[in-house]
Amino acid sequence: GNSVTQMEGPVTLSEEAFLTINCTYTATGYPSLFWYVQYPGEGLQLLLKATKADDKGSNKGFEATYRKETTSFHLEKGSVQVSDSAVYFCALRSGGGADGLTFGKGTHLIIQP
Amino acid sequence: DAGITQSPRHKVTETGTPVTLRCHQTENHRYMYWYRQDPGHGLRLIHYSYGVKDTDKGEVSDGYSVSRSKTEDFLLTLESATSSQTSVYFCAISGTGEDDFFGQGTRLTVV
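Sequences listed follow chains A and B, in order.
Note that this note's numbering has the first sequence beginning at 1, numbered continuously upward.
Note that this note's numbering has the second sequence beginning at 1001, numbered continuously upward.
Keep in mind the hints are simulated off the structure, nothing from the lab.
On a predicted model such as this, the values are computed, not experimentally measured, just so you know.
Hints are supplied without guarantee of correctness; some may be wrong.
[To be verified] Restraint ranges, calculated between C-beta atoms of paired labels, are given here:
1. E15/A <-> D1056/B: 41 to 51 angstroms
2. T1077/B <-> E16/A: 26 to 36 angstroms
3. G1016/B <-> G29/A: 36 to 46 angstroms
4. S1007/B <-> G78/A: 38 to 48 angstroms
5. L13/A <-> P1039/B: 37 to 47 angstroms
6. D54/A <-> T1017/B: 44 to 54 angstroms
7. S83/A <-> D1062/B: 22 to 32 angstroms
8. Q81/A <-> G1040/B: 20 to 30 angstroms
9. D1073/B <-> T12/A: 38 to 48 angstroms
[As the list claims (entries may be wrong)] Only part of the chain B face toward chain A is listed, based on derived beta-carbon distances under 8 angstroms:
10. H1041
11. D1062
12. Y1064
13. D1073
14. F1090
15. F1102
For every residue, glycine included, the Cβ atom is placed at its ideal position computed from N, Cα and C.
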């Protein structure tokens, strides 16, 4: 079956530091890959996505590249801000639109001023 | 923001009682999903729907049932609530299968 593995944290960084959150996956076929962000007390918001190998998703300074050869989709940001503090989820969908998302366990990111 | 509303937002119920959570959308999206979020597990799919009266089971469907009698509403029912069903429940909608929108969540406590 499908699975997603990511570091759980918490990951604590200082403001303006470089961020990497690793995500690797196991899936049948050619999944679409996603990063979602959850702020305290809220639902999940789509941060970025990539639907085929070598695609790069980007949004709000965050980037992730779909690497089929390493089955990875690592999230990066060059300079984090306090407002980036949240829980980040890596996810995949391997079927068509009907299939639900398979999520990693989430990474709690804390940015200190 | 996508038009998706969950109700209630918070509920405390007793073991053995039935509970129904509602997800309402105004986007006319075809696909609707129910997930539960638990510490150390991320989000796990309970049930999903791909159209009116068309539903299927997800990873953790035991103890849950769903119904979708019209496009905009997707109901999740716990027939007899147990303490292991204490969780935060999220509804999600998708029109294309590439962009999912999540509700604000329902925090359910079973005592």
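Hint check results:
| no. | hint | result |
| --- | --- | --- |
| 1 | E15/A <-> D1056/B: 41 to 51 angstroms | 45 angstroms, holds |
| 2 | T1077/B <-> E16/A: 26 to 36 angstroms | 48 angstroms, violated |
| 3 | G1016/B <-> G29/A: 36 to 46 angstroms | 42 angstroms, holds |
| 4 | S1007/B <-> G78/A: 38 to 48 angstroms | 41 angstroms, holds |
| 5 | L13/A <-> P1039/B: 37 to 47 angstroms | 22 angstroms, violated |
| 6 | D54/A <-> T1017/B: 44 to 54 angstroms | 52 angstroms, holds |
| 7 | S83/A <-> D1062/B: 22 to 32 angstroms | 39 angstroms, violated |
| 8 | Q81/A <-> G1040/B: 20 to 30 angstroms | 27 angstroms, holds |
| 9 | D1073/B <-> T12/A: 38 to 48 angstroms | 42 angstroms, holds |
| 10 | H1041 | 6 angstroms, holds |
| 11 | D1062 | 16 angstroms, violated |
| 12 | Y1064 | 14 angstroms, violated |
| 13 | D1073 | 18 angstroms, violated |
| 14 | F1090 | 6 angstroms, holds |
| 15 | F1102 | 4 angstroms, holds |
Taken one by one, the earlier hints fail for this structure at numbers 2, 5, 7, 11, 12, 13, listed in ascending order.
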